[in-house]
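Taking the hints into account, I'd like the entire structure generated from these sequences.
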Amino acid sequence: MKSFRLFCSLSGLALLATGLGGCLQAPDYSTTPSISNNNVRVSSFKSTVPGGQSIDSVYITINYQDGDGDLGLSGDESKVAPYTYPSLFNNNYFIEPTVKYVGTTTYVVPILQYNNTPAAPGTFNARFDHITGLTDSKTAPIKGTLTRTFAFGRGDYFNAGDVVRFDVSIADRALHVSNVIRTDSIVIPKL
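According to my numbering, the stretch in the sequence shown is residues 1 to 191, in order.
Derived from the structure by calculation, the hints contain no laboratory data.
Everything numeric in this text was worked out from a predicted model, so none of it was measured.
Beta carbons: idealized from backbone N, C-alpha and C, even for Gly.
Please note: incorrect hints may appear among the correct ones.
BS3-like, lysine-lysine: derived pairs with alpha carbons at most 30 Å apart [unchecked claim]:
1) Lys138 with Lys46
2) Lys79 with Lys138
3) Lys46 with Lys79
4) Lys79 with Lys143
5) Lys46 with Lys143
Cβ-Cβ distance ranges computed for the label pairs, FRET-style [what the hints assert, rightly or not]:
6) Leu88 with Ser30: 17 to 23 Å
7) Lys138 with Ile55: 39 to 45 Å
8) Tyr107 with Ser137: 41 to 47 Å
9) Thr48 with Lys79: 35 to 41 Å
10) Gly144 with Leu191: 31 to 37 Å
11) Thr31 with Val102: 40 to 46 Å
12) Ile55 with Thr139: 19 to 25 Å
13) Asp28 with Gly103: 29 to 35 Å
14) Leu175 with Ser44: 33 to 39 Å
Written out as structure tokens, the structure reads:
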């Protein structure tokens, strides 16, 4: 009887270990980051100073996954090659907007309205920090969401009623650049 109980206990533990091992298997993501759309929204803030410029803030949220988890740049890393300015990889969150101005039907590169010049490529690019400290000394697959927020003065590039969309990609520390996604369009609201 004791042998039977021992056999059942060991069999149960073996099944449990096999089941847990199956649950803990790491996903097989590419070492090149992959992103997909999640959300884009805009909030507008009226200036509280008489005659002051109102501010629009855009929030772009993407889903990401990366096979080795090397996403994000620290401030110290951005000071050494290949991440130093003016390298493209001084930033790792790439955003290129296009706008359909009120009264037009075609998306174009935004125009800096005070001097009527097109926005230079990379104007809206930014950097995000390490997503997790778990992958700083070892590689591990990661996935999650990442939100980039940026603000601009009303009338600098966009005005109420303009329709804006964004092409977005990210890069990892190994300089692998993700796919490019296009966000849904947003309308700059009236204040």
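| Any hints this thing doesn't respect? Which numbers, in order? | Numbers 1, 3, 5, 12, 13, in rising order.
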